[in-house]
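Asker: Going line by line, the protein sequences match chains Z and B. Count the first sequence with this note's numbering and you get residues 1 to 388, in order. Count the second sequence with this note's numbering and you get residues 1 to 388, in order.
Read the hints as simulated data drawn from the structure, not as lab findings. Every residue gets a Cβ at the ideal spot worked out from N, C-alpha and C, and that includes glycine. Hints are supplied without guarantee of correctness; some may be wrong.
[Claimed, not checked] Quick list of the computed label-pair ranges, beta carbon to beta carbon: (1) Z:Gly56 <-> B:Val210: 47 to 55 Å; (2) B:Ala243 <-> Z:Ser198: 35 to 43 Å; (3) Z:Ala40 <-> B:Asp43: 50 to 58 Å; (4) B:Glu233 <-> Z:Ala350: 47 to 55 Å; (5) B:Ala321 <-> Z:Leu186: 54 to 62 Å; (6) Z:His331 <-> B:Ala321: 48 to 56 Å; (7) B:Arg59 <-> Z:Lys159: 52 to 60 Å; (8) B:Val210 <-> Z:Asp229: 44 to 52 Å; (9) Z:Pro224 <-> B:Gln200: 54 to 62 Å; (10) Z:Pro82 <-> B:Pro224: 54 to 62 Å; (11) Z:Ala69 <-> B:Ala318: 33 to 41 Å; (12) Z:Val111 <-> B:Pro224: 56 to 64 Å; (13) B:Arg65 <-> Z:Ser11: 33 to 41 Å.
[As the list claims (entries may be wrong)] Derived, one-sided and incomplete: chain Z residues facing chain B with beta-carbon distance under 7 Å: (14) Asp8; (15) Pro10; (16) Gln26; (17) Trp162; (18) Val163; (19) Val284; (20) Thr326; (21) Phe333; (22) Ala334; (23) Ala338; (24) Gly345.
Protein chains: 2
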Amino acid sequence: MAAGANVDVPSVAVVGGGQLARMMQQAATGLGIRLRLLAAGPDVSAAQVVRDPLVGDYRDLDLLRQVAAGCSVMTFDHEHVPTEHLHALEADGLACRPGPAALVHAQDKAVMRERLTALGVPCPRWAVVHDAAGLDAFARSVGGYPVVVKTPRGGYDGKGVWVVDSSRERPEPDQVLLAEERVDFLRELAVLVARSPSGQGAVYPVVESVQEGGVCREVTAPAPGLDPDLAVEAQQVALRIAAALGVTGLLAVEMFQTRDGRVLVNELAMRPHNTGHWTIDGAVTSQFENHLRAVLDLPLGATSARAPWTVMVNILPADAAVGPLTDGYPHVFARDPAVRVHLYGKEVRAGRKVGHVTAYGDDLARVRERARHAAGWFAGTVEDGDHE
Amino acid sequence: MAAGANVDVPSVAVVGGGQLARMMQQAATGLGIRLRLLAAGPDVSAAQVVRDPLVGDYRDLDLLRQVAAGCSVMTFDHEHVPTEHLHALEADGLACRPGPAALVHAQDKAVMRERLTALGVPCPRWAVVHDAAGLDAFARSVGGYPVVVKTPRGGYDGKGVWVVDSSRERPEPDQVLLAEERVDFLRELAVLVARSPSGQGAVYPVVESVQEGGVCREVTAPAPGLDPDLAVEAQQVALRIAAALGVTGLLAVEMFQTRDGRVLVNELAMRPHNTGHWTIDGAVTSQFENHLRAVLDLPLGATSARAPWTVMVNILPADAAVGPLTDGYPHVFARDPAVRVHLYGKEVRAGRKVGHVTAYGDDLARVRERARHAAGWFAGTVEDGDHE
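Only chain Z is shown next, with the shape it has when bound in the complex:
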């Protein structure tokens, strides 16, 4: 064996330089795996912590080929890489995980609805509507307005989603839209699945997520008080979707738990997901490590929780005038030596996800208070006297 040959390590190309790629890099470092990063800017979140990041546009096929050089597999921090580029890369012999045939279901909500319905997966009632008459017809079919309308492509964190009371309120009137019934839900749940090309699937405990304005604020693992049969059903739905769509890597399935005791699939994401950040400190294997193990077709890690309760709260600054986030450390760490803080190296803007906090323990109310206080302190939304 040539000298140095045994330091060869698998290299994984990652497209996108946000916090998901940043946290992937922490897992890759532990596994002795090298990430090659294509980032939108030289100093975005993940580019700060990866050796020699490539900077450029993920819509540029030449750049995608460049970042993939020397890598056996490509994966993603977001779902926006054009599928035609992924087909071209696969024709080059590169494994894209997830591949374009799976990824389209996370890119296009109408394609996703059609496929899930064909699979018999419980969803809200839906229709693709082309005009005001179509929207009115759909609304009548679900008992009237209000209904939810979505742009099939390009939405995230609540962008591209509206609740409308009549077809006059219809946004983007020239565009084909996805209309969905407005579900009378008790709460939102999420199920995270890792799936390897060999077909192994590993599912994390069902979590409860709290969204505000379409943005995830808080996640509790496991979902408190969830009927065990419904939890298994939710996990089976997620595993079935991952297998049927041929997902490789992580799949996050966001669901509504209805007041009449059903789970309906709301959204899919094919990458590590905000509802899985709790796994870094709260599960045996983090979602980021399992994502890498899945895309490299390695056996998946244990998904069990390490504590009875884990609560993750996003740091969402009240406004851009919040100072450097690390200024929050003296208070937060002195108050709670066991709280886990993750900052993403991102510039503070109002409502932007710039970090998260995780707490775990035996007493859910206490765990939740700890995580909320710390996240709120960084975000500038709690005062010193706001805690118990």
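Got chain Z; can you put chain B on it based on the hints?
Answerer: Coordinates of chain B only, in the frame set by chain Z:
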């Protein structure tokens, strides 16, 4: 506030690019702290995972100044930076943590013995010997040969340490040596302390370490069957040393547990330490995060163990012909989905520390078997049939 001002994050200069700096980088990434690295080569362990590493010799004061530019604090992957350089950097206004006045006790074993003895810390009997007659006199004073001799400076991982049966065997006869009684120990223990410039100290549970040929092979946390009073005594000794020596950052105190129920201090290290690697997966706050929190004078994280037993086993390859370590993943991960593997990106050489494995759980025998099997598999020292 200027645009972008609130992405300013504390930057820490780290001298040395080994696995300790690599694991520091994982912690820094989570904390949103930037590491500036001075590494001996462009592709050593930590240089693979840090943005824009500086490459050069840690004995070059100009390079030390260069890596410190823009940093408020400097810390270390090893203890070999000349103290005169650290004094010069402190004169420049840079905080070196640990500082030269503390670090000398980890660089020079004779200075360490003198200081600990003055503090009343229990140590093996020792003497600085200048020649054969001095060694013979020391041997007589401790009941005769064999005795241990050490070079006061430059030793690590068992290098610079010999057990001799007569003064004729004395190594490096022209050099002043440290002679120590050969302690009849039951086992070796280690205590890890984090200490901040403000004077906060946080101590981890006492662990048992197994050394072979001066190299750490295995660590069990907590030390099985250790008398609680002796555990507290060992922790108090470590905290007292950290405070008396003015350590900032981590201090590892390696100890002998004698057959007559005492603890004697063997060695000191002022940095994250192999006996603390178990804390990454096994404690609330890893030693790497607490090292960074300490050097930045932030409140320290909880040091408690997360499981009843945690066992860490080093991956020490049998010979250099072991293939790429990541080839071990399919077997290791399929056999044990909960084992935690850390590879350092280092070229495989016989007996070199190239990674470690951690297992945790309720049943010590089972936890130990899991960690040993996985580490042995990577190292090429266990066969498929070697497990239960």
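Asker: Now tell me if each hint is right for this structure.
Answerer: Here's how the hints hold up against the structure:
1. Z:Gly56 <-> B:Val210: 47 to 55 Å: Holds, since Gly56 of chain Z and Val210 of chain B (Cβ atoms, about 50 Å apart) stay within the stated range.
2. B:Ala243 <-> Z:Ser198: 35 to 43 Å: violated, 54 Å
3. Z:Ala40 <-> B:Asp43: 50 to 58 Å: violated, 26 Å
4. B:Glu233 <-> Z:Ala350: 47 to 55 Å: holds, 53 Å
5. B:Ala321 <-> Z:Leu186: 54 to 62 Å: Between Ala321 of chain B and Leu186 of chain Z, where Cβ atoms are some 60 Å apart, the hint holds.
6. Z:His331 <-> B:Ala321: 48 to 56 Å: holds, 54 Å
7. B:Arg59 <-> Z:Lys159: 52 to 60 Å: holds, 54 Å
8. B:Val210 <-> Z:Asp229: 44 to 52 Å: holds, 48 Å
9. Z:Pro224 <-> B:Gln200: 54 to 62 Å: violated, 35 Å
10. Z:Pro82 <-> B:Pro224: 54 to 62 Å: holds, 57 Å
11. Z:Ala69 <-> B:Ala318: 33 to 41 Å: holds, 34 Å
12. Z:Val111 <-> B:Pro224: 56 to 64 Å: Hint holds: Cβ distance 57 Å, inside 56 to 64 Å.
13. B:Arg65 <-> Z:Ser11: 33 to 41 Å: Holds, at about 34 Å.
14. Asp8: Holds, about 5 Å.
15. Pro10: Holds. Min distance 6 Å.
16. Gln26: The hint holds - Gln26 of chain Z has a Cβ within 7 Å of chain B, the shortest such distance being about 5 Å.
17. Trp162: This hint is violated: Trp162 of chain Z lies away from chain B, its Cβ roughly 31 Å from the closest one there, beyond 7 Å.
18. Val163: This hint is violated: Val163 of chain Z lies away from chain B, its Cβ roughly 34 Å from the closest one there, beyond 7 Å.
19. Val284: holds, 5 Å
20. Thr326: Result: holds, 6 Å to nearest chain B Cβ.
21. Phe333: With a minimum Cβ separation of about 4 Å from chain B (threshold 7 Å), the hint on Phe333 of chain Z holds.
22. Ala334: With a minimum Cβ separation of about 4 Å from chain B (threshold 7 Å), the hint on Ala334 of chain Z holds.
23. Ala338: holds, 4 Å
24. Gly345: Holds. Min distance 5 Å.
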